[in-house]
Amino acid sequence: MAARLPFKIKLGRKFSFGAALAMVAAGMLIGVISEGAYQRQQLRDLDIQAATLAESVAAPVMFNDNNAAQENAHALAANPAMDAVAIYGQNGALLASYLRPQSPPLPRQAPMPAAAAYRGAFLEAAAPVRRNGQLYGLVYVRKSADGLLVRLGRYTPIGLLVIMAALVLGAVSRANAELREANARLREEMVQRKQAEEALLQSRKMEAIGQLTGGVAHDFNNLLMVVSGGLRLLDRHADPARRQKTVDAMHQAVERGAGLTRQLLAFARRQPLQLKTIDVERQINGMRELLERSLRADILLDMSFPEPLPPIKTDPGQFELAILNLSVNARDAMPKGGVLTICARHASDSGHVEIIVRDTGTGMTPEVAERVFEPYFTTKQLGQGTGLGLSQVYGFVQQNDGAVRIETAINQGTAVVLSLPVSDEPLADTPPPVTDTINPRPADRRAILVVEDDDEVAGTVCSMLEELGHKPNRARSAAEALDVLSRNGPFDLVFSDIIMPGGKSGVELANELETLAPGLPVLLTTGYSGGVDVAVRRPLLCKPYQIEELRDAISALPAG
Amino acid sequence: VGRLVAILGALFATLCLTAPMAHAQSAFSEEAVKAAFLSRFASFVQWPSSAFADAHAPIRLCIIGDDAFAPTLQRSVGGQNIDGRGFEIRRLPDSAGVRDCHIVYATGRVVEETLRAVRGRSILTVTDATSGSARGMIHFAVVQDRVRFYIDDAQAAEGGLVISSRLLALAISVRRRA
Numbered sequence: 001m002a003a004r005l006p007f008k009i010k011l012g013r014k015f016s017f018g019a020a021l022a023m024v025a026a027g028m029l030i031g032v033i034s035e036g037a038y039q040r041q042q043l044r045d046l047d048i049q050a051a052t053l054a055e056s057v058a059a060p061v062m063f064n065d066n067n068a069a070q071e072n073a074h075a076l077a078a079n080p081a082m083d084a085v086a087i088y089g090q091n092g093a094l095l096a097s098y099l100r101p102q103s104p105p106l107p108r109q110a111p112m113p114a115a116a117a118y119r120g121a122f123l124e125a126a127a128p129v130r131r132n133g134q135l136y137g138l139v140y141v142r143k144s145a146d147g148l149l150v151r152l153g154r155y156t157p158i159g160l161l162v163i164m165a166a167l168v169l170g171a172v173s174r175a176n177a178e179l180r181e182a183n184a185r186l187r188e189e190m191v192q193r194k195q196a197e198e199a200l201l202q203s204r205k206m207e208a209i210g211q212l213t214g215g216v217a218h219d220f221n222n223l224l225m226v227v228s229g230g231l232r233l234l235d236r237h238a239d240p241a242r243r244q245k246t247v248d249a250m251h252q253a254v255e256r257g258a259g260l261t262r263q264l265l266a267f268a269r270r271q272p273l274q275l276k277t278i279d280v281e282r283q284i285n286g287m288r289e290l291l292e293r294s295l296r297a298d299i300l301l302d303m304s305f306p307e308p309l310p311p312i313k314t315d316p317g318q319f320e321l322a323i324l325n326l327s328v329n330a331r332d333a334m335p336k337g338g339v340l341t342i343c344a345r346h347a348s349d350s351g352h353v354e355i356i357v358r359d360t361g362t363g364m365t366p367e368v369a370e371r372v373f374e375p376y377f378t379t380k381q382l383g384q385g386t387g388l389g390l391s392q393v394y395g396f397v398q399q400n401d402g403a404v405r406i407e408t409a410i411n412q413g414t415a416v417v418l419s420l421p422v423s424d425e426p427l428a429d430t431p432p433p434v435t436d437t438i439n440p441r442p443a444d445r446r447a448i449l450v451v452e453d454d455d456e457v458a459g460t461v462c463s464m465l466e467e468l469g470h471k472p473n474r475a476r477s478a479a480e481a482l483d484v485l486s487r488n489g490p491f492d493l494v495f496s497d498i499i500m501p502g503g504k505s506g507v508e509l510a511n512e513l514e515t516l517a518p519g520l521p522v523l524l525t526t527g528y529s530g531g532v533d534v535a536v537r538r539p540l541l542c543k544p545y546q547i548e549e550l551r552d553a554i555s556a557l558p559a560g
Numbered sequence: 001v002g003r004l005v006a007i008l009g010a011l012f013a014t015l016c017l018t019a020p021m022a023h024a025q026s027a028f029s030e031e032a033v034k035a036a037f038l039s040r041f042a043s044f045v046q047w048p049s050s051a052f053a054d055a056h057a058p059i060r061l062c063i064i065g066d067d068a069f070a071p072t073l074q075r076s077v078g079g080q081n082i083d084g085r086g087f088e089i090r091r092l093p094d095s096a097g098v099r100d101c102h103i104v105y106a107t108g109r110v111v112e113e114t115l116r117a118v119r120g121r122s123i124l125t126v127t128d129a130t131s132g133s134a135r136g137m138i139h140f141a142v143v144q145d146r147v148r149f150y151i152d153d154a155q156a157a158e159g160g161l162v163i164s165s166r167l168l169a170l171a172i173s174v175r176r177r178a
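Residue numbers (our numbering), protein chains in the order written: chain C, 1 to 560; chain Y, 1 to 178.
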């Protein structure tokens, strides 16, 4: 289409040029024809004038009355176009004449009678003076032919009309061609824009993946930690029960890794997934890992599904992407940390399931809230957001005959409510999410408080500590650790992860312990490179580590 | 001084010799012009049809008085033909027989007698100022060395003649018909 278009335009221009040319040619032809007719008419007129003069001067010529002849000559000369009039007698003598100033002289002898004809810049005619068949003399008349300017002036109106018509024709076809060109350009731009939108959507996904990567790396390090620690334990132990427990933990860690990978792939996939009937609660619970990793450690994720929900039919990938987009927005709205709540309820009166994503963040002004669903609208800084997140959410609910609304106010947090219609179809078969824990084993030599939010990691670490002859005790967060310390103490060592959800980090915990329990050694660990620089003053063990490394790190610390 | 006088004398002599010659030529021309005019009047005058025997009867042009005029007139008329009529020139010694004429040119002493003889008839009478004050329908006069004429249209009307307005326009003066 685009390749054929320039040819069409060229043809159109050629055609209009030809038509304009034909119009001008026709105009010129009309001019030439009418000029010819005009000249013939002028000659006829001059012949008639000569004949009339000859007739009227017959008597003066016959009776040699020069005065009367002169009067006739002057009468004719009243016509301003008349250049010269001469009346000759029988013997060729000039009886009377009129000559306009600056005109060429009259013929000295009477010319031969002749019909009117053009000669140079003049028309002239000579008519005999006769009476009863007898020749008495001759009249000669000369008229100035119209000059070029006069003749051109005669055809100016038609010429102008022709030129105007040609111009209009040219302008119209030019406008036509431009319109076609603009149309082609518009189509091209539409295609380009669509491509750009697709590219942006894909890059939005890639950006989300990028944001996930840090968390995912942390997660994978934890999983690897479990596996490598487990392998080491298998080497050391012959007790079948312990070996089996270790193998189970490793197996679960591997499955979790696989699930995480699967989820990432589904999320990163280009094509939309098939429509499926899903259980909202199960679907969102399945995203827990993904969500936790995409949030920061200072944001507490709270999911609550107080009532059983009917199934909905939707594209699970798009659904998860919408939840993820809302979660990421919620995270960004809480720069100082907070609580992200995801809950769902059945609005039975409208036949919808409402999924509410609420944060405790900065909220929005009504003006911003009005625009957030527009594509490319973003409040984030350049390079931090594409502005496509909420527009994906909007597009998603539109495709699903649903609705979305925002409840927000400045510093009051934001709640986004997705309403999706309930489906009558039965649930598709989905594998249940993997959840399990490994319990720590009672220890003997050192009492160690393990602060670790990840159950598998905690399990493996506790197993390793037991293996090393210690007595591990686990807390899931810094707050819980302080609680355990005050109630279940004393401990010889605190071994804490740095990045943990729910407010306090491992570093903050260590700082507090300096005053609360001075002399209690603290060993920090992390699989997340971002927190290393903060903890550089303290003993640090990077994940994944081997049991020997753990042993050496512990023995390097003074006993509490 | 003597040579200058001689040249002036020669110039004077030349003038004296050439002047009568020029007059003589003019007098000759005047006669020829009048002769030409006489025949040309015929094409501006309409006679009643009763004046001619038939459609091809010639126009009889009679000269009374000046006998020397006849040859000139004869030459002038030539083979002229007006509306199918030729000219027949007659020289008349007096006014007797003048009633058969269509045009009469009378000069000398017979003018008044002739005019009386043709009064009320369809005969175009032409007179000449050189022959006295008696005037016919057309009366020649020389004005500024040119042959001109008076026209008495009232007389022409009496004779049932119609003179073309084109001819009337060329007259020195016209005595209008009633």
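The set of hints was computed from the structure by calculation and includes no laboratory data.
Please note that a few of the clues may not be correct.
[As the list claims (entries may be wrong)] Taking beta-carbon pairs under 7 Å as the criterion, some of the chain C residues facing chain Y (in silico):
hint : residue
1    : 59
2    : 128
3    : 132
4    : 135
Even glycine gets a Cβ: it sits at the ideal position worked out from N, Cα and C.
Exercise. Among all the numbered hints in the text so far, which are the ones the structure does not match?
Worked result: 2 and 4
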